[in-house]
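Undergrad: So you can see what is in the structure, the chains are spelled out below.
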Amino acid sequence: MNTIAIVLVVGLILFTIALSIFSRRFTRTTADFYLAGRKVGSFSNASAISGDYLSAASFLGVAGAVYASGLDGVWYAAGFAGGFMVVVLFIASALRRFGEYTVADFAFGRFGSNRIRLITVLAVLLTSLFYMAPQMFGAGTTWTVLVGKGIFGMDPYTSGVVVVTAIMAFYVGVGGMKGTTLNQIFQFWWLMFAMIMIVVFAFGNGFSYPKALADASKTPIVNTKSMTVADLTKPDAKTGKTPYDAAATIMTPAEMAKVDEAIAAGDTKAKVAVALPSKNKLHELRDQLFNEPGHRYNSFDQFSMVLALVLGTAGLPHILNRYYTNPSGAAARRSTFWVLVFIGTFYILAPIAGLAGIAFIRDYLANGGTIAAANVHGLLVKPDQIMPTLAEILGGQWLMGIVAAGAFAAMFSTIGGLLIAAASAVGHDVYEKYIDPNASERKRVIVGKSAVLFFSLLAMGIGLAIPKFGLDQAYPALIAMMVTWAFAVGGSAFVPMLLTGIWWKGTTERGATAGIFVGLFGAIGIILMNILQTLGVIGKEGIIGFLGSLTFPVLFTFPLSLLTIIIVSKLDGELPKNVDQIWMRIHGTANERHEKQHGLDKVGTMFAKK
Amino acid sequence: MGDATESTVSGVQVQHGDHIDTIESVDFVFRAQRKLSFTYGAIFFAVTLGIPASSVWWKGWYATPIWGGFTANYLFVSLLYYIFLWAMAWTYSKQADKLDLTLETMADEIAAKAGKEG
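Residue numbers (my numbering), protein chains in the order written: chain Y, 116 to 725; chain D, 6 to 123.
Here chain D stands alone, though its shape is the one from the complex (with noise of 0.2 Å):
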């Protein structure tokens, strides 16, 4: 990797070349991530696992035809649900890439400000 670690009063840092992580910008970009990735992931089981769920319970889901021969059940499975994921990936794509540009002008302040302190 080539990476050059060492540690600081605020605790640790890891350098490539010129580019600077310290601890406390990862796990404040990690904490925003993590709650990008877990409300995503909510949303995601919350409508795969309603599919079955109204499979089971909702006749009006399931039984009932809405076009041709499609009941909702039928074409939500078939068609729709691939554009919900296609909708899904591509938001969180660009949301987490922008959590990755936070990172990197965090880390461009950090090594400024300890560019003048030095």
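The following block holds chain Y by itself, in its conformation from the complex (with noise of 0.2 Å):
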């Protein structure tokens, strides 16, 4: 248990709770729960955009897949980075000047029907669920590296799940969007400040980019993998060989006789670390170098894992409500700009940090230092620890909690998010419209609330159920294989819409409808379909095996909800019958020039008295 990483995470989670309570005294209104008051300029708006984007994936995961996968892992950041072009692009301004409060609201006032409302609710929250999973797990799994203790009779995993979500709703519930904007500006910074210090860190202590570059690519990329002795001692049905040969061609002897004494204790279900070589995806004959693609992505899968980020990342609910949270269209282009500008950078800082850890790592084991995360060969085992293990090895036990802290900062702000958008899917869009229009402010509020608290409890219970069907065990990285999940079903359901719905004045309610409802319930399908598959339920034959086997159903599921969208508006005709001023609501000026006119378009007043 590292003593000075748990005080920051501590002192983080204090603070965290104080901003909420000072936020509290400004939190009257639903506009100011759920919006913010509209009152967030662009800088800020960026900070918290970026703190609600980089979660524990981009933070742990982006250079554990560098350090492990090469240019694959490198490729994976630019993914998320280029999704904001699409957003300010296509959406940014004109789901501003639309001025809702949420992604329904959007649906609604241009299609006008209570259906369609409905239907992008239901996407909302599933969207927001699938999210929440890997937060929750990442949660569990960072308390266990971290303190490696439970609390009140629980084990460490369950513990960090139990912990995360008592904080998150207790901050997202008392806070609102103001709490949770002013909390997530603070933890992006912690974050990229965690992210910097790594690098300087590492520069310090004598990196050289192209030369740490040119040593890593000199030989083979080795992969690490824990495996039960029965997995390592089974030939395969082909070759005959089994992984036990496989890695005795890469491990020295002295190596290789730890993984004999397991062997030979006789325990077949015993777990040992091995080192394996890797194969090219991509360039089959050629060796799979550092410097080179092909170690995660054949070539499909190189063109598909980018679509599915740029794409999904203009469908995830709680970064499209806090477009409204700018004063006005044009604030919403200059918020995502800046937020290019910040993610950009920590995903520029993030594979420095991963190739660092290579070099770094394997000197520190071979001049015989120790490191508390399970190792083989001079490698992690598990790439997504590389972030912590070179923090204490390049400054010890502070910036091991700076670290420690940063990891923390990014599932608070992305949960946050999450929360703020699911609460208003509820809150605003089903109670305010539908049970009890008349509600009182304060009655709205409380709904808001109630609703953060029972998505809380709903996220925790996933978190808790990821282990319970085996799911950590059947896919090696898998907090980054569900925020891929998250992005194929928000970009499947919502972004068709979107474009459409803003660039094409013939899209049609009817249109609209079927082609989220083909988008949500086709990606859904084939995650269910991937996992199953996975889990050695279904086979991969035939068109279900097929189906399951897609990594990122996005690239199919887009354009079928697109073509939804345009055959049945096709089909359908029928507009609506203010189409008119639908549009100039969407693309004019005159409600912008007008608070211009009279000073409203202000910002700096998040915080004042009423």
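By construction, these hints were calculated from the structure, which means they are not laboratory data. Among these hints, one or two may not hold up.
Using 16 Å as the maximum straight-line C-alpha spacing, the simulated EDC-like pairs for lysine to aspartate or glutamate come out as follows [said to hold, decoys possible]:
id: 1; chain 1: D; residue 1: K64; chain 2: Y; residue 2: E399
id: 2; chain 1: D; residue 1: K64; chain 2: Y; residue 2: D402
id: 3; chain 1: Y; residue 1: K620; chain 2: D; residue 2: E29
Residues of chain Y placed beyond 12 Å of chain D at every Cβ, according to the derived structure [as the list claims (entries may be wrong)]:
id: 4; residue: L233
id: 5; residue: F318
id: 6; residue: S555
id: 7; residue: R559
All C-beta atoms in this analysis are idealised placements derived from N, C-alpha and C, irrespective of residue type, glycine included.
Could you fit the two chains together into a complex? Lean on the hints.
TA: Shown next, in the form of structure tokens:
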């Protein structure tokens, strides 16, 4: 247990709670609770969006992906950043000008039916839950690595999930969007600071980017894996060779002696860490070098992965909701530019950390150093542990503490945004519109807070269920995988509707509804098939087997949804009667000019007293 | 929103205080905005999909070191791609702001014309 790390994490939690309590005094109306009074400036909003977006998958996962896979890991980071170009080019300013609270409001206002509002609410909730699952799993695993002990009789994983749920429910419920925004700004800059510190310490310890890259690329990438003795000694049906044979071509005699010792002990379920040769999935005849593509993605996935991330970003409801907090459409564009600068800088630094980890950890271990994380052949068995491990080697307990707090900050900021998005879908889109439209402001805010509590508990249940279903064993990089699923669901359900709704006047309500339905359930169906196939429930044959093998369903479900909208709209042809008015609301600027004339577009009053 | 709308002979207009949008002015700017967004979108997707295409088919791109261990592929994906995104987002935002200004000028002209006629 790292005392300094725990002190810093506890400090972060206390500061988070203090900010929420401070914000509570300024949260009286639903516009305050869900949208921070629409008074968030471009720079602040960009910081908050970046905090919303950079989850544990980015903070821990990108450096880990680069550490394990080289260039393909760097490509994964670039995909995350590229998504915001779709937002700035096609969605940001139009969504803000429409001037509502949520994506469901946009769907209702644009197409004028309760049916489309409700299916959009359903899509928001399902996307949010898909994105919350990896954050909760990350909470449990980070607690396990950092603290290593449970509390109140719970195991470490359960303790992490429960503690993070309790903190999140409290701070989002108390602080609303203002508290969440303030926290996300702070949390983003903390995790950026942690990433900068890692890189600064690496350069300070003699790291040279081009030289380290050349050194790492001299020999093929080595994979690390924790396997049971039974799997390690099981011959391949085609070649007759075992993973043990493959490991023996990489590992030193001293390292193999430890493996032999584990086999000799006779427990076939015992796990042993081994180093294995890698294969180039893209250019099969070439060695898999660090500075070349092909470790993770074959030629199809090189395209589909980046499209999944680029299109999926514009379909994340907690990100889209933030655009309503801008004071104008132009401010929404400026916010997105700053988001690209912030997260771009982050994603330039994260691969440096991943590459630095290779040399520093190998040399540290070779010189007799010891680390808490499992390792073999000078490499970490779990690449996601690269950030805290590298921090401890480069800067001792203090730097590790800063990184550990950064990991929790990444989880808090993302979960906070997701809870607000889910709460606004239920509290604003369902309760205020259908259950009690005449409810007082106070009652509406109470419903919003209750929804936060409800979804916190639901997220906790999902987080606790993941290991019970064996998903953590079935998928080696589960956090990254689940994040990709959320991108697929949001990208398939919302983005085609938003793009056509904003840019094609001929989109009809039936077309948009059908498109959301096909995109939403198409993506979820393929993801479920992938899970069932990975768990061995369904085979790899036939059309079901093919669909189940798709890692990135958005490549199929996005065009399918788009095509559905176009075909059904053409066949339907029934446009809203006030389509011209709607069009002017999306693309006109009279309201913004009016606000500008009267100074209503000014920011900086997010915490003004009423 | 507090908007007042009324039909006119030329179509529909939306009024917020002293400020008016007509369907003609909004449609004009919408077409210009669509051209701008889709042109930038085409460049963005061409570059973004050009990276994996080069990774698959252009050996000089993915297998030849050009600076230390950097291949052109690694250098672009780890650094230059972000500079490309920043430049795109910045120039696009500036041009979109100019279009907003065009709509503002058009709307003022329409309002002034309506004032003279009225």
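Undergrad: So, for every hint listed, does it hold in this structure?
TA: Results of checking the hints against the structure:
Our distance criterion of 16 Å between C-alpha atoms is met by D:K64 and Y:E399, whose separation comes to about 13 Å. Distance restraint check for D:K64 and Y:D402: the Cα-Cα separation of roughly 14 Å lies within the 16 Å cut-off, and the hinted pair is therefore satisfied. Taken as a hint, the Y:K620 and D:E29 pair is honoured in the structure, with Cα atoms around 14 Å apart against an allowance of 16 Å. Non-interface call for Y:L233 relative to chain D: holds, since the shortest CB-CB distance, roughly 23 Å, exceeds 12 Å.
The non-interface label for Y:F318 is consistent with chain D: the shortest C-beta to C-beta separation is roughly 15 Å, beyond 12 Å. Residue-level check passed: Y:S555 sits 21 Å from the nearest beta carbon of chain D, beyond 12 Å. No Cβ of chain D comes within 12 Å of the Cβ of Y:R559; the nearest lies about 19 Å off, and the non-interface call holds.
Of the numbered hints stated above, none is contradicted by the structure.
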